[in-house]
Structures are given as C-alpha cells and as structure tokens.
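Engineer: Okay, here's what each chain looks like letter by letter:
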Amino acid sequence: MSEPRSLQHLLDQRSDLWRGQRRPPAAVAASGRAELDAWLPDGGWPRGRLVELLPEYLGCGELELLLPLLADQTRHGQPVLLIAPPLVPCPQRLHRAGIALDRLVVVHGPDDALWAAEQALKSGVCGSIVTWHPRGRVDPRPIRRLQLAARASDAPAFVCYRAGQSPAPSLSALRLGLAPGPQLSLLRGDGPSRTLHLGRANVIELAARRRQTAPLS
Amino acid sequence: MSKTSRSSLWAGLYCPGLPLSAVWDHQPGPAIAVHEHQRGQARIFQAGQRAHQHGVRPGMSLSQALAVLPQLQSRPRSAAMEQRALEQIALAAYGHSHQVVLAPPDSVLLEIAGSRRLRGGLRPLLEELVDTLNQQGLRVRCGSATVPAAARLLARTNQHAHSPEHLQRRLDALPIEALGLPTRQAQAITGCGLRRLGELIQMRAPERARRFGSALNAELDQLYGRRPTPLAGWQPPERYRQRLELPVPSDRSEALLFAANRALDHLGGWLEVRDRALTGLHIRLEREDSGNPIVLHLSLARPGFDRTRLLEMLALKLERIRLPAAIAALVLKAETTLEYRPPQADLWDNRNRSDAWPALLDRLRARLGEDGINGIAAHADHRPERAWRWVPPGTTTPCTETRPRPTWLLPAPRPCCRADFRLEDGPERIEAGWWDGHDCKRDYWVARDRHGRKVWIFHEHQPRSGWFLHGLFS
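Each protein sequence line maps, in turn, to chains A and B.
Residues 1 to 217 in my numbering are what the first sequence lists, from first letter to last.
Residues 218 to 691 in my numbering are what the second sequence lists, from first letter to last.
Just chain B, with the same shape it has in the complex (with noise of 0.2 Å):
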C-alpha cells in the first residue's frame, strides 16, 4: 500500500435518486416517475415514492403503469440533466474540499482528509454536506475511505472506513452484489460458491483474471488501494447559468417564486465556492406554449448575495407584469461577477445597516424599473434647462453656478403672458448656445405671479420671442 493512500481519506456522495430527481425538481407533490426507451417502448426507469406506493416498478412499461396509476406523471430520462444534477453534488462538495471527483452516473468523490479540521471534525462536515443536498431535493448516501474507489462502493451503504485495516474488513464483509458487476459476470462468480468480496480476493490473482476477466482484477486493486485510481478533477464551472423546470407549468408567482429559491440555493453555493459576487442576474422565464421567454433584470446596487432580497425583488418585479401563459422552466443567469467580500456587520448594531442602504435602492428599482431612481447633478451650461442631469444615485458632480436659482424648475419653459406677473429683480442676461445650433439670448426675472408665489420668468429675444416661465422659487 503507497504512503499516499494512507494519509488521503475519502468522501463518496452517492445519489440513488438522481435519474428521477434531475429531471423532477422537487419530490412532494404529484406521482412522479422517469422512463427510458427500450427497444422502441418507454419503459418505467425509475418511480418515486408516491408511485411506488401504488405499485409503479422500474422496468414496467409506462403504459401498464398508468393503468395502475392513472395520475403518475412521467418524464423521459435525460443524460444531460443527470449530468447537471451530478455537478450540482459536486458542487456542494466544491465547498468543503479542494479536490472533487465526478463519478458518473450517480456518484460524487471527495477528498476529506484535508478538511479534516474544517468544520469541527468529519462527521459533522459530512452531515452538512448531506443536509445541504437534501435540501436542494438530492437525497444522498454517504460513504467514506482511505481509497476513493471504496468510498465510491461504501458510500452506497452509508459504511466510514478510516483506517487501510478497516477498510479491508469492511470490504472483505461484502456481498459480490454490492460491486454493481454486469449480470453475467456476477452470476459467473457466485456460480463458484464465493458470496463475499474477501473470498474472492482470496483466490490467485492469474487464476482470476483467466475465470472472470482481467479487468476484475483491476478493479478490485483499485478498491484495496494496491493500485491507484485514475482521477479526473473537476472544477466549477466559469460562468452560470441553470435551467430549472417547474414541476408542473404555471402562471402563479408563488410557484415561480418556489422554484427561483431554489435555483437560488444553488447560485448561492456556486458563488461562495468561486469567491464571486452577485451584481446582476438575468431570468428568462419560458412559456409552455414555446411563446417569446420573458425576461426579467434584477441588477444589485452592490455586489453580493442575499437571497432573501433577491426573492424579494423578484416578487415585486413579478408583481408588475401580468404571465401571458404559464411558464414550464426558470433560467437563470449570473451576469457579472467579481471577487466577493462578505458585508460587514455593524460594530454596534446587529442589523448590517451598510447593507440596507443599497438594499432599498434595489428594492425601488425592482418595482420603479431602472430609470425610476436618479440622482440629480448640476451640468455646465449657461442655458438653465441644459444645466441640470438626471444621474445615477450617488454621482458626485461638481457645481459651480453661483447666481440665485429657483428650487423649482419646469421641465421645459412654458410660453407665459407678461401681464400675469410683477418683475421684482433682474434682469440675468444669459446669451449661450451659439456654438452647438440651440443658441438663445435671454433675460431672466425674478417675478410675482397673481397669487404672490416668487417665480423666475424670462423675455427670450431669439430665436423665439416672448415670455416663458421656467422655474418657481417655492
């Protein structure tokens, strides 16, 4: 045994559930199966347990099983979702291990010596682990040993070997079943009389391979540890994106806002192991009748990740549209992401009021729309309906005007008559615009108008001529 085997120790996450659980999103609910197809029949692959409580069975053709189960709901088996659902392990993984193996089709293995110290010791770092799935809707198994091809075969029985000595007693206590071989090749080995993984390993090496395969051999020196295994690490991917399926199509919020907390556990997780942070997140939300996707913009005032917030905003960005057609599937999309740093807390206030502050920025934009908040700057320009800018909040600009200007300005100037009003100081002339084609020669007033309210008038002189009324001192 290599001194490298005996230092590692490792974690397999194995997922019993996964064809059923990648394609159906959540498990309560409706009678849910998936079925591939054989030989040009869909036959049941996998049930779930309501339906297996009314006597769905893998390998029933999906027409016996809705005759007995006429409201079990039943999706096609999709390799590319499994796929998805798997990184989704791994990923959880990602956070409490540098070193993540995907083991295709339903298990994940990784690396736990490492950690050892992280969360206050194995057991409770593998417990988190297994919650954290569980509440992503994975139901895992989780197994542990010195080798990651055995943790990969105990995880399946939730067994822990922590030792070379103990793990070769576990695995010698084994079944010949539990090593998943094809039927034949299994059939082939109990035809021997040997039940158990120690009798067979047992038996001369050459006398084995020629009886049931070499390859036999290699896997179980792979499973002793007395040959390494072959491992491809992963990594999380760059950019994220998830495509989440709603159990059944809708047009309510509330089952939108479900799934989105969801998809959101899982961006969640994706950030904190990339040490990114959230400034915007696109959703396209797409129709079951194939129509045009609707696509909703939630952009953050500051880089994080708050997912109460986040709901919040995609509540009220929800609440503002009208869902021409129910929706079958959220897709989320993180847009831009930066190194993350977790907000500070208040010395003296438990509320992260540093926070709050942004957060009610995003929460008028949700509903306001982008353009619904601004700040206001001052511009340089001679011409006073030139020389103001909506801006975004928290712009600093620099201002320079010194002559007395009204509080109030009108949106444009607005044609007046002279006699309304009682000229009291003035006249300002402002001549400016020559330059860019919206020349104006003016002079400005401080007036009062019938009902002694303090306004700024002016008698233009080019290019129009007349009286306008522009700003009110309030």
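Chain A on its own, in the form it takes in the complex (with noise of 0.2 Å):
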C-alpha cells in the first residue's frame, strides 16, 4: 500500500481526525432567523469576535437584521449599546421586535463612539454593541483595538460603517456588505463569497407575526 493511499484511508476511516482547512467551530449566538443562521460561517453570530458591516446606504437593514440578536440579550437581562446611531431608532418598532427597552442604551457622539465601543467592550458586562463609524477616513487603529477589546465581551460586537466607507482589510471575524433588499454578501469569513436575500423571509416572517398577534374572532 503506497503512503498517499493509507493516508486517504486513514481519513476515511476516521472523521474525527482534525483536518487543516477546517477550523474548529467558533462559540455562536443565533441570529434568531434559521436562514441566516445557516448562511453564516460559523451557524450564527460569532461571540467575542468583531462583525463589520457595510451597507451599500444608509437602512439597508443593518440594524433589523441584528433586532432578534437583541431582543434575545435583552430579555435576558443583558444591556445592548447603540453607539453613535445615525438616526432615532423607532421605539416602538424595537418593541415591537421585542427589545426590553429599559436595556437598551443610546450613546450619542459620534467624535466619541469608538472609545465608547471600546469601553463597554471591556467591561465585559453588556450584550451586543452595535457601534456607527464616525463619517470621514476609517482608521484601522481603533477597529484593530475594538478586535482585541471584543474578547472580553462574551457577545458579538457589530461595526456599521457609513454608505462610500472602504475599511482597510482587517481581521475581523465577518465582514457582509448589505444592499437593499435586505441582500447580504459574505466579504471576508470562512467560506467562499455568496449573497443571501432576507427580503422574502422577512414578509414570510412578518405575516406569520401578524397573524399571531391578529385578533381572535
């Protein structure tokens, strides 16, 4: 029997024997819908790790997209930070999508919002951030602090940048680009580059809540 052959052998007998490409699979929080949990790498958001996000415009669902991660942390009693929003998060949509919304705290100042990132990052003790870079150049810096700081946090940490913003490549565990839709497509992570359209899964989605919530007649 020739070497290359017992190795194949080898790793069909035996599936669990670590193989270089795959890595072992990361801590995740579920994203709350079945199809996205499914198209991102790793089954869901990764925990402790930084997720940048890229919307093509402003409200191309990056903020909807993360509401059931919220609600979830949310009930359970952890504070979610909404750091430098670029408009007024509607409270009652976020009630709706079933935020507690004694736990969600707004930070305004967007000079500010990478330092408070960091800062709640740190602290160990908040569910989610979901942090708006500041308009202008994007310094790779303060996301590369950010990645070391998310560690601490036992929650995954979303960076949303402005519509035209072109990040330097990081190491971030995910970067998605949005557009309109919402269409989402996998920028840098495992796997290779594909696109998810949310769009039919959210009127699915939404005429399922309506007709729960409908009245009994």
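Because the hints were derived from the structure by calculation, they are not lab data.
Just so you know, these numbers come straight off a predicted model, no measurement behind them.
We put the CB at the ideal spot given by N, CA and C, even for glycine.
Among the clues, some could well be false.
[As the list claims (entries may be wrong)] Keeping only pairs whose Cα atoms sit at most 25 Å apart, straight-line, the calculated SDA-like set for lysine to any residue is:
no.	chain 1	residue 1	chain 2	residue 2
1	B	K534	A	R47
2	A	K122	B	R606
3	B	K658	B	N591
4	A	K122	A	H76
5	B	K550	B	N478
6	B	K534	A	P134
7	A	K122	B	R526
8	A	K122	B	R580
9	A	K122	B	P520
10	B	K658	B	P621
11	A	K122	B	R519
12	B	K550	B	T525
13	B	K534	B	D523
14	A	K122	B	E529
15	A	K122	B	D523
16	A	K122	B	G611
17	B	K534	A	H76
18	A	K122	A	R47
19	B	K534	A	P142
20	B	K534	B	L461
21	A	K122	B	L461
22	A	K122	B	N591
23	A	K122	B	G521
24	A	K122	B	P621
25	B	K534	A	S6
26	B	K534	A	D111
27	A	K122	B	A573
28	A	K122	B	A532
29	A	K122	B	K550
30	B	K550	B	R580
31	B	K658	B	C633
32	B	K550	B	K658
[Claimed, not checked] Here are some chain A residues pointing at chain B (derived, C-beta under 8 Å):
no.	residue
33	W39
34	G59
35	E62
36	P79
37	A116
38	S123
Build the complex: two chains, separate frames, hints provided.
Structural biologist: This is the structure:
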C-alpha cells in the first residue's frame, strides 16, 4: 500500500481527525433567523468577535438584521448599546421586535463612538454593541483595538460603516456587505463569497407575526 | 481611683508636625516650612525635614531662613487648617472608636477598650490607624493609658500603660519637661531640685499649690486618674466639604489627580464612618490667578465609593477641558449621601459584575456628558415625531403602539419629492394634535425609494401641504 493511499484510507476511516482547512467551530449566538444562521459561516454571529457591516446606503437593513439577537439579549437582562446611530431608532419598532427598552442604551456623539465601544467591550457586562463608525476616513487602528476588546465580551460586537466608507482589510471575524432588499454578501469570513436575500423571509415572518397578533374572532 | 477609669482604656494620637502638614499637603518634594508673625516679624515656626537638613530652625526669622536656603517655600500658619487637620485625624480615629475627643492643638484621644476585639487586638488596631494617617500625610505618634490625660502625654513618647499600676510607674519616670508646662513654671519646679514626675507627686498637695499654683494640682490629678478629665466628644461633620491646596500650583492633570487621590482618601474615611454612600461629587478647581473657578461634577449611577473609578472619571473630565490657568486648590463637596450598602460580589465571579454596569455608565457619562447616553422610550402620542423620548437609561415605559413602524426615524420629517418613491402600502391616516396647537392631518405610506430601500413617507394635508420622508425600514 503506498503512502498517499494509506493516508486517504485513514482520513476516510476516521471522521474525528482534524484536517487543516477546517477550523474548530466558533462559539456563536443565534441570529434569530434560521435562514441567516445557515448562511453565516459558523452558523450564527460569532461571540467575542467583531463583525463589520458595510451597507451600500443608510438603512439597508443593518439594524433590522440584528433586532432578533438584541431582543434575545435584552430579554435575558443583558444591556445592549447602540453607539452613535445615524438616526433615531424607533422605540415602537424595537418594542415590537421584542426588545426590552429599559435594557437598551443609546450613546450619542460620533466623535467618541469608537472610544465608547471599546470601553463597553472591555467592561464585559454588555450584550451586543452596535457602533456606527464616524464619517470620514476609516482609521484601522481603533478597529484593531475594538477587535482586541471584543474578546472580553461574551457577545458578538458590530461595527457599521457609513455608505461609501471602505475600511482597510482587517482581522475581524466577518465582514458583510448589505444592499437594499436586504441582500447580504459575505465579504470576509470562512467560506466562499456568497449572497443571501432576506427580503422574502422577512415578508413571510411579518405575515406570520400578523397572524399571531390578530385578534381572535 | 474610680471604677470606670479602671475598665476604660484611651489611646492618644500626637501629630508633632501638624502645623506643617496642615498647610503643606505632602512632605516629600521642595524644602518647606511654616512661619508665624511675632511682633511684626515672620519667624519660622516649623521646618520640614529637607529644610531642617539645610539648617532652617524654628525661631529663625523668615529672611534669615531664606538666606540659609533660598529655595525654601514657607507658608503662614493657619489655625483653621490646623483644626481641619486635627479633625482629619479624629475622622480616622472615629472609624476605630465611637468615642473620640479633640485635644488641641496637636492631639486626638480615642477610647479603645470597647474596640479591643475589633481588629485582633489593640496593637494591630493602633498600627492600622497610624498607617492610615501616614498615608494621608499625617505622621502621628501613638500612646495609650487608662486615663485620657495620661494617654495624651504618653503619645508624645510612644509609651503604653494598660493598667493603673503600670501607668503610675510610667508617669513617675517622666521628666518634668515632658509635662509641657509654661517655661517659668517648669523652671520653678526644676529649681527646687525636682527632676521627675514621681518626685513632684510625692510633695504634699497644699505645698505644691502654694509653690507652683493650684492649676498644676488639677492637672496632676487628671494625669494620675484621681480626678476625671473633662471631655467633649467629637462627632464627624454631617456634610462633607474639603479644600486641598496643591503644593505647587499646576495646570497638569497628573498633579491634580495626585491631590484628588489624597482628598478621596479622606472622603472614603468620612463615608465609611458615617455609613454613607456617594452619589455625586462636586470638584471645584480654584485658579492661582483667582479667576472664575472651574467646577466639575461627577455623578454615580449607583451610590457607593470606588476610588479608582472616581479617579478615572475625574481623569476623563480633565482630559476634556483645557485649564485656563494653574490650579492652586481643589475643593471637594460630596453631593448627596444616603445609607451605604457595601457592594456584594457575585458568588461565582470575583469580578463584581453587578457593579460593572453602573461603572461603565459613569465612565461614559464622565467623557460624553450627562446627555451623552440615553435610553429611548415610547410616548403616547399619535404624531410619530412626538411618540418617542430620550430618557435616562434603565427607564421602563409602556409601549402600546401596534401598527407597523419603521426601524429608523428621522429626527424631524424632511420634505421630499413624491416622484422619487413607489408607494407600496397604505395609507395610514393620522389626525391629531388639535388640542395642543400642533394639529396635523397626514397619510402615511410605506414606499420604496430609487435604491430599493423601504421608507416611510407621508402626505400632509395640514398645516403644511406636501410629501415628507419620516423614516427608514432599515
């Protein structure tokens, strides 16, 4: 029996052998959408890691995408931070998505957004933190600091860039592009680049919810 | 000897450098001294260690002292600040005993028989007390005796006497000078050939009164416990305010933080003694050029006292401001104080997580300001732009709106062009506000813009007429 064949034989026989290409599965938090979980490389949002969102325009679904996760965390008493959001998050919509508003904190002031995010991550007491990057050039150093700080946190951390910003390649776990639809594309992360349309799922989900909330008659 | 004096035990704390420590906050550094005015001339009253090494002596005139040591820094003696320093000692003592007495100008007495079991014995208790005061820049000597007046005297020489017999032996052995009597009286006594207290006490009382005055008898009776010492118990102040001068006026934040650290030591002691919790701290920075002072305010999300956190918050505040001039003094005022419950550490986690969240809020507020962080709440109003409020984080408010709402709201509706949108769902008619003068009549639509984003727009009929963009469905 030649060497390569015996190796192949071994690999075929033993499924528990670790093979270089595959990473051990990372700890993840469920995104709250089965379709999205299946699409994401690790099967959910990676805990203690930085996820970068690059929406094509403001309001491409960047917050909507995260609402189920935030709802789950706030319901478990974990505080959630929205740092320097570009517009006012609508409390009625957040409430409807199941978020406990008393656990949600909005941090104002785009100048200090990245500093505030770093403090929050280091404290290790928060659920997810969603930070909107200040306008202008993207400095890779504070992003790198956030990646390090995110390790202290048990939850995934999100940085959302402004439309048109192109951050330098980074070591974040995931980088997702967002287009209206919403349509997701995997710009960085394990696996081949791919896209996902969430639009139809959203409609179905909304319809299901309407049915649930409709009064019995 | 009365029975009460047999069972009680007093400690004396004697601070020989009080006049110096009171006006100068920390000893190491420049050569320092205090002077007082005698017959129109400034004379050195007390000199710091470095000044002493260079030949500055008490009694020298200030100009003489400056000739000896040109870089000497001297300040006038301040009775008010000496009193404050004495109260600082009393405050530290109050943490170890419920009965504290001021013995001006330089001593504090505390009853310690009741605290005997408090910290594993008297010696550790007193050592801890002396250490605490040393850290606050007040070097004290400590003595103890069964009688308060004797404890005060023995503190000067670091002696301890825990039984009346022992005390008598100690007192008898003391030289007459140790009594600290006025010079003429002391000279009269030593002139009679009496060297030690033991010899003086053997003299008959009427004889002593005739020769040296009746006041001496009363003093000796108090020392030997034959007559009770009149004592006025000291109580810590109800409100906290402290002024701390910087050794050298400075506009560097490190120097201010160093001084603040010292001040917080004191505040921590005060809070502990009074079972209080800090909820806010006003810090006034007094400028050297007597311009308008700078006022900083730190508020705590959760009452308590965490010095590291307070210093960190202060550092953040100082980072944000530019000091217009050198700062000469800090004034600390503890703003609101309630009953203090020490924070409880989590059972499974050494890190005090229950405290970490308020700590984070405090840190963010310190840098971003009071309005820098908010919660968001729904408000019962049909007009969407009035249906939300910024509230303090953690506020719970009911939310009754059931109609679909966008994820993002524009801070105010923005005029837009109908042709840019494709209407998808609607209209939702909103008519409200006729009662408060902001009445409106609108039809809301869910629409798509050119990029395919789902948006929330409305057509207003009154008061304005036209199309407006109000939200994004994200």
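Engineer: Look at each hint and say if it fits the structure.
Structural biologist: Here is what the structure says about each hint:
Of the supplied pair hints, the one linking B/K534 and A/R47 is violated, its CA atoms being roughly 33 Å apart against a limit of 25 Å. Under the criterion of a C-alpha separation no larger than 25 Å, the hint pairing A/K122 with B/R606 is inconsistent with the structure, at around 29 Å. This hinted pair does not check out: B/K658 and B/N591 have alpha carbons roughly 31 Å apart, beyond 25 Å. As the CA atoms of A/K122 and A/H76 are separated by approximately 20 Å, the hinted pair is consistent with the 25 Å bound.
Our distance criterion of 25 Å between C-alpha atoms is met by B/K550 and B/N478, whose separation comes to about 14 Å. Distance restraint check for B/K534 and A/P134: the Cα-Cα separation of roughly 22 Å lies within the 25 Å cut-off, and the hinted pair is therefore satisfied. The hinted pair formed by A/K122 and B/R526 meets the criterion: a straight-line CA distance of about 14 Å does not exceed 25 Å. With a C-alpha separation of about 12 Å, the suggested pairing of A/K122 with B/R580 holds against the 25 Å cut-off.
Between A/K122 and B/P520 the CA atoms are separated by roughly 22 Å; this keeps the pair inside 25 Å, and the hint holds. Using a Cα cut-off of 25 Å, the hinted pair B/K658 and B/P621 holds, with the two alpha carbons roughly 19 Å apart. This hinted pair checks out: A/K122 and B/R519 have alpha carbons roughly 19 Å apart, not beyond 25 Å. Pair hint B/K550 plus B/T525 holds up; C-alpha atoms about 18 Å apart against a cutoff of 25 Å.
Taking the CA atoms of B/K534 and B/D523, the gap is near 17 Å; set against the 25 Å cutoff, the hint holds. For the given pair, A/K122 sits about 15 Å from B/E529 by alpha-carbon distance, which is consistent with the 25 Å threshold. The straight-line distance between the Cα atoms of A/K122 and B/D523 is roughly 18 Å, inside the 25 Å bound, and the hint therefore holds. The straight-line distance between the Cα atoms of A/K122 and B/G611 is roughly 21 Å, inside the 25 Å bound, and the hint therefore holds.
The suggested pairing of B/K534 with A/H76 is violated, with an alpha-carbon distance near 33 Å, which exceeds 25 Å. Taking the CA atoms of A/K122 and A/R47, the gap is about 14 Å. The hint holds against a cut of 25 Å. Between B/K534 and A/P142, the direct Cα distance comes to roughly 21 Å. Compliance with the 25 Å bound is thereby established for this hinted pair. For the proposed pair B/K534 and B/L461, the alpha carbon gap of about 19 Å is at most 25 Å, so the pair holds.
In summary, the hint linking A/K122 to B/L461 is not supported, as the alpha carbons are separated by about 34 Å, beyond the 25 Å threshold. A distance of roughly 20 Å separates the Cα atoms of A/K122 and B/N591; the hinted pair therefore holds under the 25 Å criterion. Distance hint between A/K122 and B/G521 is fulfilled; the C-alpha atoms sit about 22 Å from each other, no more than 25 Å. Of the pairs offered as hints, the one joining A/K122 and B/P621 is violated, with about 36 Å between alpha carbons and a cut-off of 25 Å exceeded.
Pair hint B/K534 plus A/S6 does not hold up; C-alpha atoms about 68 Å apart against a cutoff of 25 Å. Only pairs whose Cα atoms come within 25 Å are accepted, and B/K534 paired with A/D111 is accepted, the gap being roughly 16 Å. Between A/K122 and B/A573, the direct Cα distance comes to roughly 10 Å. Compliance with the 25 Å bound is thereby established for this hinted pair. The straight-line distance between the Cα atoms of A/K122 and B/A532 is roughly 18 Å, inside the 25 Å bound, and the hint therefore holds.
For a cut-off of 25 Å, the pair hint linking A/K122 to B/K550 is broken: about 31 Å separates their Cα positions. Only pairs whose Cα atoms come within 25 Å are accepted, and B/K550 paired with B/R580 is accepted, the gap being roughly 20 Å. Distance restraint check for B/K658 and B/C633: the Cα-Cα separation of roughly 17 Å lies within the 25 Å cut-off, and the hinted pair is therefore satisfied. Our distance criterion of 25 Å between C-alpha atoms is broken by B/K550 and B/K658, whose separation comes to about 53 Å.
Taken as an interface hint, A/W39 does not check out: its beta carbon lies about 19 Å from the nearest beta carbon of chain B, beyond 8 Å. A distance limit of 8 Å between C-beta atoms decides the matter here; for A/G59 the minimum to chain B is near 3 Å, and the interface restraint holds. Interface restraint check: A/E62 against chain B, minimum CB-CB distance 6 Å, threshold 8 Å, status holds. With a least beta-carbon distance of about 6 Å to chain B, the hint placing A/P79 at the interface is held under the 8 Å criterion.
Because the beta carbon of A/A116 sits about 6 Å from the nearest beta carbon in chain B, less than 8 Å, this interface hint is met. Satisfaction of the interface hint for A/S123 is found here, the shortest Cβ-Cβ separation to chain B being roughly 4 Å, below the 8 Å cut-off.
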